[in-house]
Amino acid sequence: MTDDDITIQKPCCNHNASSANGLQNKLPPVVKTLVAALQTENSFEHVGPVPIPSHKSIIDIIYQVRQILFPGYFTKTKLHAANLEYYLGKETTELYERLSQEITMAIRHDCRRANLPCTHCEERGHQTALSFIESLPKISTMLSTDIRATLAGDPATASSDEVIFCYPGLLATSIFRIAHELHTLNTPVIPRIMTEHAHSLTGIDIHPGATIGPGFFIDHGTGVVIGETTIIGSNVRLYQGVTLGALSLPKDAGITLQHVKRHPTIEDDVIIYANTTILGGKTIIGARSVVGGNIWLTESVPSDTRVVLKRPELLYSGRKGGTS
Amino acid sequence: MTDDDITIQKPCCNHNASSANGLQNKLPPVVKTLVAALQTENSFEHVGPVPIPSHKSIIDIIYQVRQILFPGYFTKTKLHAANLEYYLGKETTELYERLSQEITMAIRHDCRRANLPCTHCEERGHQTALSFIESLPKISTMLSTDIRATLAGDPATASSDEVIFCYPGLLATSIFRIAHELHTLNTPVIPRIMTEHAHSLTGIDIHPGATIGPGFFIDHGTGVVIGETTIIGSNVRLYQGVTLGALSLPKDAGITLQHVKRHPTIEDDVIIYANTTILGGKTIIGARSVVGGNIWLTESVPSDTRVVLKRPELLYSGRKGGTS
Amino acid sequence: MTDDDITIQKPCCNHNASSANGLQNKLPPVVKTLVAALQTENSFEHVGPVPIPSHKSIIDIIYQVRQILFPGYFTKTKLHAANLEYYLGKETTELYERLSQEITMAIRHDCRRANLPCTHCEERGHQTALSFIESLPKISTMLSTDIRATLAGDPATASSDEVIFCYPGLLATSIFRIAHELHTLNTPVIPRIMTEHAHSLTGIDIHPGATIGPGFFIDHGTGVVIGETTIIGSNVRLYQGVTLGALSLPKDAGITLQHVKRHPTIEDDVIIYANTTILGGKTIIGARSVVGGNIWLTESVPSDTRVVLKRPELLYSGRKGGTS
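For the protein sequence lines, the chains are E, G and A, in the order given.
Residue 326, in this note's numbering, is where the first sequence stops; the numbers in between run on with no holes.
Residue 326, in this note's numbering, is where the second sequence stops; the numbers in between run on with no holes.
Residue 326, in this note's numbering, is where the third sequence stops; the numbers in between run on with no holes.
Chain E with its partners taken away, still in its complex shape (with noise of 0.2 angstroms):
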């Protein structure tokens, strides 16, 4: 679909009956109503002057930035040492005019949203573009530290090339780590989009508020969730479905606990197994303890601790005359 031309109203196909015409007639009246319905104080529309960032051009973003940090893997062009720093000069100035220009527009936009004067908007846009690439030397060391993790804790893969190419547990703690920096540099909506679309490829939901250490492993990663105000030290290892959440919430949660801290704190060293829940802002996991799997946690968990589920009483019957 192209967004700048007019179709002269035609028949859809060849064997189109002329009763199927005479339907296409009923459509203006039905356009009408449509824009009535959404012109009402129900609807959410985005009809301004104002730009909205665009969120293809923020996955976009994503993926050059992988480019720059992991050089030579995501990319046809073969690098050597003569020419990379060329290639990383290069990569990156098109990635601080495409970043300033996203940037600027979400900024620009959530002036006019919230009805604010959008004096400096490009130039905070430019300058948190530049801080941005500048954190990526501290990024890249980041991750090089969740890779060592993985290859020490993964006996089903010997490879730093298949960590890097294929493992979704270092894809969303990749996409994780640069939308957080985003994050702390104030960038309304660009992060909670990069951070959406890690969730959507690997089933991994890390809010990009969350404080992640070095040496983060997540193995498997389907189901994992990770709240706006958890707190991760360094080297913790998580299994799929696990989840660092808040307790329950008031149906009016959303206006009363924002900014507060609703998720657990897991300090370095820890094992959490697979679709265990921990929930609450003062609930600590010590360090070095190991939680099992499949384990419901709302209190606090001493450090060099390991906790297990006591194991539940099963019903074992032949099968003919079981009822389940």
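These are calculated hints, taken from the structure and not from any lab test.
Honestly, I wouldn't trust all of these hints.
In the DSBU-like style, the derived pairs of lysine-lysine whose C-alpha atoms are separated by at most 35 angstroms in a straight line are [stated by the list, open to error]: (1) Lys-140/A / Lys-284/A; (2) Lys-34/G / Lys-58/G; (3) Lys-58/A / Lys-58/G; (4) Lys-284/E / Lys-312/E; (5) Lys-284/A / Lys-312/E; (6) Lys-58/G / Lys-263/G; (7) Lys-78/E / Lys-58/E; (8) Lys-312/E / Lys-312/A; (9) Lys-28/A / Lys-28/E; (10) Lys-312/G / Lys-263/E; (11) Lys-263/G / Lys-312/A; (12) Lys-92/A / Lys-28/A; (13) Lys-80/E / Lys-58/G; (14) Lys-140/A / Lys-28/G; (15) Lys-78/E / Lys-92/E; (16) Lys-140/A / Lys-92/E; (17) Lys-140/G / Lys-58/G; (18) Lys-34/G / Lys-80/A.
Put chains G and A on the given structure of chain E with help from the hints.
Okay, now just chains G and A, sitting in the frame of chain E:
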């Protein structure tokens, strides 16, 4: 790969070893074996005169509907009050043409597969597309209630823009509401392709046959399953990993249990926390009840009730001495 | 972004503030720091003369194989009995060329990484591609049994077309069977890229090394994890969230536990319900047994047995008085 030209067999690359060329001569007999295998009773092919709906076109239709329902959010066209009706008219006309065509193909394909005469497939296709478009204002109103429920229930966002741009729960609910309308209009195959697309993007699997009231909010969402005959009232909130499913099914369930109510009923204003499973067609969760996380429920819960798991017994040990 | 041209540094848009231009001058030193950081021991880069397999090409190969295995379902080319062999011949020849090329790159890349001499990489690439194509009739037969198992087990569909078009369980199983064949032929990296693509689309994570018999059906599927050394018999059915995994792993599991059988064995005709976790290399679920949902199992179950969780104790309270 293009479908319309055949390239002459040539070496795959410059470095091609002569032995590799020798291997290529072994291809024709393999193809013969493959053709023979695909033509046996055991195989599934779609060789015949009836074209099938295009997966890609159906996905495109989803996003065009979304552009119509949320004008200005997902397009580069700048919208203002003066061009809104023009824009919606153009988009709706295009949608009508594409949708008629795909529905007609789906119906015709269905007729041929069932060996039924296909006399009014095209007229039915156009009528269904028109009825669908007539329902857009209703869908728009429903989605507005879903957005408001999200804003009310989630402390991690303050912006309807963020919800519309990137919340997986709203994406899955939007696609469900579109697919459900087509399902109600007896469109074959297309609704399921739509909801499975949402499932792929969000990890939220809602059958297009389910009934879901206004003000629906799914937070995080990965692993949510809502079965075909589920009924959900107004202002219900679900968290990740919630299954609203069927009790255990016999091996031949595919035949014997079609169209029987196999999935639960969730009344108005219910909240169900993460990873809880509720099963059975006669299971009713009464209005305003709250079901805690990690629960396995196969029986009804009265209205205004809070149900939580009795705290399961945990075993703590010093890390070195324990086993898991 | 194109890789082959360098744009001269220019302001990113017309509104560009002069201060923003000033910021851009700060880029070159940042690039120098980045290059230095990426060249330390701590970083991962892929700078060298060996090209790596292309992620995109491998995904394209998956879908070309699917077009061959399910002729007529995923192409606009109309197929009839007369052109089927011609079509399959063309597709298979193309597949052979692309697959040889990617496998050769993967093998060569693997040799260089391991500092091994790479004498027959290209010949091995072509031989592996041919062996893979020779296995397509076998894979087709296996997938037919999977489709029949799906139709037999799921009351929410009545159509093999719907299963082939949009069932995530069949998609993940199809990609697994393709990847497993390449894994068996000792292809590096490519099988895992394939199954992680399936994981991303479906939430179903099957390691390419797993062994899975005919008639396999995964319903819904999000959150399913099937480990590398799992063995699954004929006609097994799994629901969403089932993990067939390893017992708890030490911090250095990546090195010490490679190639040991760490995952369970599931015999013929077993059903495992949603969100159940079965762990350990010596754990065997006997033939025709049924394992209920939400169970954590680390020990074997005899044949013809039904295992369910003893109904856990729930606490009910009036909604106002309760806590959760």
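Would the pair Lys-34/G and Lys-80/A pass a check requiring their Cα atoms to be no farther apart than 35 angstroms?
-> It holds: about 20 angstroms lies between the C-alpha atoms, which stays within 35 angstroms.
Quick one, are Lys-284/A and Lys-312/E close enough, alpha carbons at most 35 angstroms?
-> Roughly 21 angstroms separates the two Cα atoms, so the pair holds.
Taking only the CA atoms, is the gap from Lys-312/E to Lys-312/A under or equal to 35 angstroms?
-> holds (13 angstroms)
Pair hint Lys-78/E and Lys-92/E, alpha-carbon separation not exceeding 35 angstroms = holds (15 angstroms)
Given hint Lys-58/G paired with Lys-140/G - CA-CA distance at most 35 angstroms = This hinted pair holds, its Cα atoms lying about 26 angstroms apart.
Verify the proposed pairing of Lys-58/A with Lys-58/G, using a straight-line Cα cut of 35 angstroms.
-> holds (18 angstroms)
Below or equal to 35 angstroms on CA atoms is what counts here, so check Lys-263/G against Lys-312/A.
-> holds (26 angstroms)
Does Lys-140/A pair with Lys-284/A here, judged by a C-alpha cut-off of 35 angstroms?
-> holds (30 angstroms)
Between Lys-312/G and Lys-263/E, is the straight-line Cα distance small enough, at 35 angstroms or below?
-> holds (26 angstroms)
Given the hint that Lys-284/E pairs with Lys-312/E, does the C-alpha gap stay at or below 35 angstroms?
-> holds (24 angstroms)
Is Lys-92/A close enough to Lys-28/A, meaning Cα to Cα at most 35 angstroms?
-> violated (54 angstroms)
Keeping to a limit of 35 angstroms between CA atoms, is the pair of Lys-80/E and Lys-58/G held or broken?
-> holds (33 angstroms)
The structure fails to meet hints 9, 12, 16 from the earlier list, while all remaining hints are met.
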